[in-house]
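**Student:** These are the residues of each chain, in order.
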Amino acid sequence: MGKLILQDIHKSYGKDEVLHGINIETGENQFLVLIGPSGCGKTTLLNIIAGLEQESGGDILLNDRRLNGLSPKDRDIAMVFQSYALYPSMTVRNNILFALENRKVPKAEREQILMDVARMLQIEHLLDRRPRQLSGGQQQRVAIGRAIARRPTLFLFDEPLSNLDAKLRVEMRSEIKRLHQQLQTSMVYVTHDQIEAMTMGDLIAVMNEGIIQQLGSPESIYNDPANRFVAGFMGSPSMNFLPVVPREETSGLCLRVAGAEGDGNLLPIPPKMQGALRSQLGRRITLGIRPEQITDPGSAREGEALHSIELDVELLEPTGPDTLVFTRLDGHSLVARVHPSTYLQIGSRCTLSFHMERAVFFDPENGSRLA
Amino acid sequence: MKQPAKRALALAILGFAALAAEPALADQTSLSVINWWTAGSEAKAMNVLVQMMKAQGVNIKNDAIAGGGGAQARTILKTRLMEGETPGAAQIKGVEIQQWGHTGLLANVDAAAKAGDWDKNIPTEIDNYMKYKGNYVAAPMDLHRLNWLWYNRAVLAKAGIKTPPKDWDELIADLAKVQAKGMIPMAGGGNGWMIATEFDPIALETGGPEWYRDVFVKLDAKAINSPTMVKALERLRQIEKYTPKSLAGRTWNYDTGLVAHGQAAFQIMGDWANGQFEFLGVTPGGPKVGCVAFPGTANDFIYNVDSFIFFRQHSAAGREATIKLAETMTSPKFQLLFNKYKGSIPDLMNVSLTGYNPCQLKSRAQFLTASKEHNLVPSFSQNMSTYGPPTGAFIDSLDQFYTSNESPQAAAAAMTKRVEVAKSQD
Amino acid sequence: MRRLPIYLLLTLAALFFLLPLYIMLVTSFKTMPEIYNQGILALPRQFDLYAWRHAWSGATIGASNQGIHPFFINSFELVIPAVIISTAIGAINGYILTHWRFRGANIIFYLLLLGTVFPFQIILLPMAWVQGKLHIAGTLIPGLVMVHIIYGLAFTTLFFRNYYVGIPHDLVRAARVDGAGFFRIFWRVMLPLSTPIIMVTAIWQFTMIWNNFLFGVVFTNSDQQPVTVAINDLVDTVTSVHMWNVDMAAALIAAIPTLVVYLLAGKYFVRGLTGGAVKG
Amino acid sequence: MAHSLMQRVGGKDQVIAGLMLSPTVLAAIFFIYAFILWTVWLSLTRSTILPSNHFIGLANYHDLFGSSRWWRSLSNLGIFGGLYVAISMAIGLLLAILLDQRIRGERLFQVVFLYPMAISAVVTGVAWRWLLDPNFGVQAIVRSLGFTHFQFAWIDDPNFAIYTVVIAAVWQTSGFMMAIFLAGLRGISPDIVKAARIDGAGTLRIYRRVILPNLAPTFFVAFILSAGLAIKAFGLIIALTGGGPGYSTNVPTIFMYVFSFERGEMGVGAASALIMLAIMMVVVVPFVILDARRKV
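Chains as they are written, first to last, in the working numbering: chain A, 468 to 838; chain B, 28 to 453; chain C, 384 to 663; chain D, 104 to 399.
One chain only, chain A, in its complex shape:
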């Protein structure tokens, strides 16, 4: 249920265009995540899907039904707001029943739905309280319950977890995910938290400045970013970017870090990328490599082509499962992720292996992917 198609959605406020032609097509029962920095247009897009804002152009289709011009209540959607937007004057029970009353659902059925939802979200004991008597997490549950009770074709979530503390956020994250499995309904989820996006989404749309930068599965977004913006936005800590110059060496095509003194370090280019990068010979381009692709040689899996370099340890950040090493390659700072058991000391040198197979290359001017 809930196949959503957005075709060439535009939105402008006066002369100011905030959405420049958005195209998204989801499968049935998919979990679509809209992610991007604040001001990228993701919430505007969500509001347009909900009918809370009017698109300036383009079409919205839900299960092949055109939604343009319909008011929110006629779109068969439900929405969970960042602020929860629980009606302060109503009890939890009435908050949940409100939408059903509006839709004139018969009373007996309403009660049944209420009990089902309350049980599903374990909020039975809260039904007669008012929102201000609830904790943040409880309010969030009620807000979700209110949306579920409607049994819509499409759920919309507007950064629903951003007001919760870290532990609750993780709990609710999996809860929403579980609900998605259970309800078999499409969801559109807006967030600026890339972990939420990665963990929850079937399909992720990374947005910036009113444009979809990349639309794809979490894996493809993470491993195969379409451009430098997506590469930099997804992942924590962020991907390392180094200015490099490809040059012809006796061993084949190699990379030299730009601005390095003397000969500096050379990084090999994996064979599958050589073709694409040959045209960039002598030109300064951007190498992107995630911290986990720069690691201690011991962590490397077998069969991987690694290039090891010895570098100075400037700072260490143990996160538990692994340790982040802050270092510098030919003057450019770099973060590596090593196994926590690796013995390192600030100021000492360490050998780090670059997993160049997984490296990506971007045009420094427009950020587009070169290889």
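Hint data in this document are derived by calculation from the structure and do not stem from the laboratory.
All figures in this text were calculated on a predicted structure; none of them were measured in a lab.
Backbone N, C-alpha and C fix where the C-beta goes; we use that ideal spot for every residue, glycine too.
Watch out, some of these pointers could steer you wrong.
As the list claims (entries may be wrong) - Covered stretches of chain A, going by a simulated chain C footprint (3 or more residues, C-beta under 8 angstroms):
{"hint": "1", "region": "535-549"}
{"hint": "2", "region": "566-576"}
Stated by the list, open to error - Calculated pairs, EDC-like style, for lysine to aspartate or glutamate (alpha carbon to alpha carbon, straight line, at most 20 angstroms):
{"hint": "3", "chain 1": "B", "residue 1": "K71", "chain 2": "C", "residue 2": "D606"}
{"hint": "4", "chain 1": "B", "residue 1": "K88", "chain 2": "C", "residue 2": "D606"}
{"hint": "5", "chain 1": "B", "residue 1": "K450", "chain 2": "D", "residue 2": "D166"}
{"hint": "6", "chain 1": "C", "residue 1": "K650", "chain 2": "D", "residue 2": "D203"}
{"hint": "7", "chain 1": "D", "residue 1": "K115", "chain 2": "A", "residue 2": "E520"}
{"hint": "8", "chain 1": "D", "residue 1": "K115", "chain 2": "A", "residue 2": "D543"}
{"hint": "9", "chain 1": "B", "residue 1": "K81", "chain 2": "C", "residue 2": "D553"}
{"hint": "10", "chain 1": "B", "residue 1": "K444", "chain 2": "D", "residue 2": "D166"}
{"hint": "11", "chain 1": "B", "residue 1": "K268", "chain 2": "D", "residue 2": "D260"}
{"hint": "12", "chain 1": "C", "residue 1": "K516", "chain 2": "B", "residue 2": "E112"}
{"hint": "13", "chain 1": "B", "residue 1": "K450", "chain 2": "D", "residue 2": "D260"}
{"hint": "14", "chain 1": "B", "residue 1": "K272", "chain 2": "D", "residue 2": "D260"}
As the list claims (entries may be wrong) - To give an idea of the chain C side of the interface with chain A (calculated C-beta under 8 angstroms), a few residues:
{"hint": "15", "residue": "V548"}
{"hint": "16", "residue": "P551"}
{"hint": "17", "residue": "D553"}
{"hint": "18", "residue": "L554"}
{"hint": "19", "residue": "A557"}
{"hint": "20", "residue": "R559"}
{"hint": "21", "residue": "D561"}
{"hint": "22", "residue": "G562"}
{"hint": "23", "residue": "A563"}
{"hint": "24", "residue": "R567"}
{"hint": "25", "residue": "R571"}
{"hint": "26", "residue": "V572"}
{"hint": "27", "residue": "L576"}
{"hint": "28", "residue": "P579"}
{"hint": "29", "residue": "R654"}
Using the hints, position chains B, C and D against chain A.
**Tutor:** Only chains B, C and D this time, still in chain A's reference frame:
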């Protein structure tokens, strides 16, 4: 916006307020009479008028509106006319009647004048106010004299004064005697209207009737900015010295009470004070309180006439009722009753004043002599001498002078300038 | 005792505020000779209720001599519909101007704002003309009620608009997604949250309309006039002796409804202002 | 109109919103702005006892500004307005601060300070006329205490009568100012005050440096409201002094009323009304601009 559109809009707005607009068309045989006689004997007299009209089958709505000595009533009159709710009659007097005549809204009541023979029974000086372009449009209710000096006999006796003052110097000397005994010499002051009312006889006494008319009727700048005016103002200043600093907003009735109760010796006030003295149980001209023409004006008569203008009615019944109203207002029965209480005398010279007090009888006698000797002058302070703006200019100037340290010369000059500005306002 | 000066100052201020009320009260219970012969602060020798009785049902006002009670009733007939309707419309307007904004909504608000400060004397004549055209001239209902509603709207709209600005817009959006329409959102979501501002607005309107003199005297005929006009007739008469005790009793009677409103609901006034109007 | 509304977000509901608001908008346009335009026209005509259509240009304005009574009205408005706004705000703020000290009987004090708002101008005027009357009021009371030379007769003195109007007006609305300031004080986050206290600031210093600056919007509202009340003051002055002694307590509202209705100089009255309106605008427009800026 065109009229219908405006009307539709207004209707829409009203409908929006969820209120049904029920037509409140006035009953055609009912006439509203706008006046500011809200209390005391005048209000009672108005009720008598209502009864008398009812006996003739005419419903009178007594629209008595308090406030500001008629200011509020004028506002109401104007808004009623804007509403299209034309009243039957309104309390308007003096030269302003001519302004109203000019609007073309007034009714011709010549029929009533003929029936009552106003030309013969009412003095010409009064008649002239009631006519616009030769037709009667208004009816007089009363005839007041302003140049009275009221005094408390006991206070005078205590101060060693045997007879009331006959000229200015005597008055000043008597005031000094009263003051020496620690009593209030002169009750008065207060608002602009009261100051102007006191100045009315002072000016007449100082300049005589001719000069008075030049100043207040002809608005002659030379007469206003003259040594005579300076002298009159100096005299007002002298009176002020014998008047206790009095409260703004206090009324003349309070001052009358001071005289009646023996707290003050004198009061300069029109004969409407009669009604107030009677109310306080003291008959003027009786053993306690005496009245005498303001010193130096014994042969003169400053008059004030309250009158009603009549508005043209749409229906024949309304027009008929208007004539009846005008007739009733000038009927001997009503005039005798009304004026007895009000302290004034009837405008009709052919009725005998049985039951009137000595002061009122004196008033009638002095009117007749003054009329013969051309010593009748219209009161400026009561809006009889000229139209509104110059009257206002005089009152403002006197007010300013009385309540500040302005010199009489400066005040006369300022008065001249104000009156000139006001003249351009017609 | 550091707090003594605070209480001292407050008590002094309270005395200043209470003094006129005290004088009116004691004067209303005195006889006329007592008023003339005693200081205004002196307590009456005996509590004489004559002035109150006379003011209520005996004093001559205009053409009637039934005291102020008919006018008192007129005022209630005026103030109840005028307060309810102007408050209701103000609430809807405030709701629209904050949660159904459209281009020009601010301009409309600023246009209305002028209505809170412009001098009402200006409208007397043109309004009289309109009332005449509508054939409602001189009536309490609907004539005067309409005038009070129209010129109260700027205030009521201002109050509600400033209050509703503080209500999260997400609530309205959530309700819309939940299938509620314009009126249902207003009725079920906004109104239940509006008690403080309804109190502020109603108190304000009640006070303003009850105490209004200018519109009352101009737009009603004598038998339909509100109580303030009757009080003025009584107090501002040029031609008779003031019965100060009756004047004071009548003034107090006329002030009772507003005083009761303040006593019962005054606490909401401060609380309601906290809720919004101050955000300006 | 409906079409452009349809373009907007809310669809049908947005149209309903527009329709529901339109009566108010139309009423404002007609009953405020059209009436003002009519007054503009009136001020350009030779209207005396009734409106007329005889156009005379700016002559009424010329007469208006040639009138010393008008100038007195303006200067009175300056004196009265300035003092009234300053004093009622100062007293209001002081009372609010005192009440904000966790006072016993706060509710009672609030009611006592607020009740004058409930009393009509006519009644307030009568009560204060008594109190200020040298023969019965404060002067008589103080003299009866033995200070036989005590003088307090401002109400009779043309140079001081305007100050008695200030006293009565301050009495009537200081409580309202108190309510506004108290609301503002209660709206300040206690965290800010706590932070200042931890920083070692004393109570006075906290008020001066932390709380009062945070009350800026409240000051603004209080100023606008009291300035509006000052310019509109009418009934109170009529009831207290009747505009006198002389015309020493005339203000533009009284001038306008007297000239329009009592004097039969409607054209001049209309001109004075428009000047008054211009003064209002000078007070309100900055508010509108500031408000608009805050929203952006």
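**Student:** Evaluate each hint against the coordinates.
**Tutor:** Each hint tested on the structure:
no.	hint	verdict
1	535-549	holds (count 8)
2	566-576	holds (count 3)
3	B:K71 / C:D606	17 angstroms, holds
4	B:K88 / C:D606	10 angstroms, holds
5	B:K450 / D:D166	11 angstroms, holds
6	C:K650 / D:D203	14 angstroms, holds
7	D:K115 / A:E520	13 angstroms, holds
8	D:K115 / A:D543	17 angstroms, holds
9	B:K81 / C:D553	69 angstroms, violated
10	B:K444 / D:D166	12 angstroms, holds
11	B:K268 / D:D260	14 angstroms, holds
12	C:K516 / B:E112	10 angstroms, holds
13	B:K450 / D:D260	30 angstroms, violated
14	B:K272 / D:D260	8 angstroms, holds
15	V548	15 angstroms, violated
16	P551	6 angstroms, holds
17	D553	4 angstroms, holds
18	L554	5 angstroms, holds
19	A557	4 angstroms, holds
20	R559	4 angstroms, holds
21	D561	4 angstroms, holds
22	G562	4 angstroms, holds
23	A563	5 angstroms, holds
24	R567	7 angstroms, holds
25	R571	7 angstroms, holds
26	V572	5 angstroms, holds
27	L576	6 angstroms, holds
28	P579	12 angstroms, violated
29	R654	16 angstroms, violated
In this structure, the earlier hints numbered 9, 13, 15, 28 and 29 are contradicted, and the remaining ones agree with it.
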